[in-house]
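Asker: The listed protein sequences correspond, in order, to chains Y and Z.
FYI, in this note's numbering the residues of the first sequence are 5 to 242.
FYI, in this note's numbering the residues of the second sequence are 11 to 228.
Hints in this document: simulated from the structure, not taken from any laboratory.
Among the hints, erroneous ones may be present.
BS3-like, lysine-lysine: derived pairs with alpha carbons at most 25 Å apart [claimed, not checked]:
#, chain 1, residue 1, chain 2, residue 2
1, Y, K68, Z, K143
2, Z, K204, Y, K52
3, Y, K58, Z, K58
4, Y, K111, Z, K58
5, Y, K161, Y, K149
6, Y, K58, Z, K37
7, Y, K198, Y, K210
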Amino acid sequence: MASDGVKVLGAWASPFALRARIALNIKSVAYDFQEENFLVTKSDLLLKSNPVCKKIPVLIHRDKPICESLIIVQYVDEVWASGPAILPSDPYDRAIARFWATYIDNKWYPCLRAILLPHREEAKKTAALEEFNHELALLDDTFIKCSKGQKFFGGDKIGYLDITFGSFLGWIRVLEKMGNISFIDESKTPNLFKWAQHFSADDAIKDVLPETDKLLENNVHNRRVLECSLLANTIDHM
Amino acid sequence: MAKGDVQLLGAWSSPFTNRVQMALNLKSIDYEFIEVNFYSNKSESLLKANPVHKTIPVLIHDEKPISWTKNGQPILPSDPYDRAIARFWAAYIDEKWFPLLKELGKESGDETKAAIMRKIFEGVGLLEAAFVKCSKGKEFFGGDNVGYVDIVLGCFLGWIKVTESMAGLKLFDETRTPGLAGWAERFVSHNAAKDIVPEPHKLIEFYMMVQAAKASTG
Numbered sequence: 005m006a007s008d009g010v011k012v013l014g015a016w017a018s019p020f021a022l023r024a025r026i027a028l029n030i031k032s033v034a035y036d037f038q039e040e041n042f043l044v045t046k047s048d049l050l051l052k053s054n055p056v057c058k059k060i061p062v063l064i065h066r067d068k069p070i071c072e073s074l075i076i077v078q079y080v081d082e083v084w085a086s087g088p089a090i091l092p093s094d095p096y097d098r099a100i101a102r103f104w105a106t107y108i109d110n111k112w113y114p115c116l117r118a119i120l121l122p123h124r125e126e127a128k129k130t131a132a133l134e135e136f137n138h139e140l141a142l143l144d145d146t147f148i149k150c151s152k153g154q155k156f157f158g159g160d161k162i163g164y165l166d167i168t169f170g171s172f173l174g175w176i177r178v179l180e181k182m183g184n185i186s187f188i189d190e191s192k193t194p195n196l197f198k199w200a201q202h203f204s205a206d207d208a209i210k211d212v213l214p215e216t217d218k219l220l221e222n223n224v225h226n227r228r229v230l231e232c233s234l235l236a237n238t239i240d241h242m
Numbered sequence: 011m012a013k014g015d016v017q018l019l020g021a022w023s024s025p026f027t028n029r030v031q032m033a034l035n036l037k038s039i040d041y042e043f044i045e046v047n048f049y050s051n052k053s054e055s056l057l058k059a060n061p062v063h064k065t066i067p068v069l070i071h072d073e074k075p076i077s078w079t080k081n082g083q084p085i086l087p088s089d090p091y092d093r094a095i096a097r098f099w100a101a102y103i104d105e106k107w108f109p110l111l112k113e114l115g116k117e118s119g120d121e122t123k124a125a126i127m128r129k130i131f132e133g134v135g136l137l138e139a140a141f142v143k144c145s146k147g148k149e150f151f152g153g154d155n156v157g158y159v160d161i162v163l164g165c166f167l168g169w170i171k172v173t174e175s176m177a178g179l180k181l182f183d184e185t186r187t188p189g190l191a192g193w194a195e196r197f198v199s200h201n202a203a204k205d206i207v208p209e210p211h212k213l214i215e216f217y218m219m220v221q222a223a224k225a226s227t228g
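Sequences are here, hints too, so could you generate the full structure?
Answerer: Here it is as structure tokens:
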């Protein structure tokens, strides 16, 4: 059992669970990882730990559950305060980091989902792609302001925004491979392109960031599971 | 903290603006309130301050940071676990529960409305349990003092009362949810909130005016 009873209920393919793992890695905190097959059944421990939302990730620390990925990241930052800081110390910089994290989850992530879902109409697909590219361009610009010339959104080391956005890198790569298209690319988003290389190579990230091929397999399988459980009569077969 | 150092762009009817006002009041921070009529043209200062979302509220603060340890009581609890719980309930209220009230306002079919009402009441049940757990027998979610969850939920009290009067029911009822019923009374009388939470009749007037404006622009 990990030191101090730290456990993460998650799924290897979930970007949200990845956030919790990255935060713990940054703080060099050992933890047990319990894989939840959340598309099929939810474990008793998950249902007991997160009865309100019944979702992963859940961090269990000293038998107390903490839910919601960004809340977990902030909790880890505060409890293991002696490790490298995840949120900036300056209140204004913290506010900016939180603003963009909320933006990524509430505005950018729905764009990612819109592309992952099968589209019946070409026009809707094109519109979804355009919006996605527009949002990435905005984040590329935001990177310049936040990084202040350094390698990460958080400056010289991985911080809150790096974790929030970087947890989606695996899925962005899946979309690129599936669509034979480049989203994070040297010419379109040069800053994010360099950032992605630094991020993926970082010690806190490299062993937990899922491989594109494995996710691609996973996405095909998961889409079949989801589609088969839909009652709607329009099912997109791969 | 001089008034000129802190400006708040917002609207009296917006619960999100009200939140910031309450937080500033708790910290006894003077500020200049700049009313933005966000249903008509958005002011230049708003568009400059929030080019991404173009929404209120926006807090504009000069260089000096506000140190929370020096100004008034803390809004978030000091214990990391309690902070995580406070953030969780704040996220639940904003992302799951309050949107149901907004949905209710838009829906016209009886069956759909009934389904939304059921979810609203389920949520109220969860919030009552949350209040009991967080308050630990004291007056507010934050304990003895108004804290983060109090502000997040409390800012909606005006609109909650509007929903109650328009739907003809009580959400925070003395029998079913005694914790929340008592809390709501205490919160609206608290110094941080009492001049901020708008009166329901004013909100109804405002709501009618916005609906009329939307109808006339087709």
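Asker: Now tell me if each hint is right for this structure.
Answerer: Evaluated hints:
| no. | hint | result |
| --- | --- | --- |
| 1 | K68/Y - K143/Z | holds, 14 Å |
| 2 | K204/Z - K52/Y | violated, 38 Å |
| 3 | K58/Y - K58/Z | violated, 40 Å |
| 4 | K111/Y - K58/Z | holds, 20 Å |
| 5 | K161/Y - K149/Y | holds, 15 Å |
| 6 | K58/Y - K37/Z | violated, 36 Å |
| 7 | K198/Y - K210/Y | holds, 16 Å |
Consistency with the previously given hints fails for numbers 2, 3 and 6, ordered from lowest to highest.
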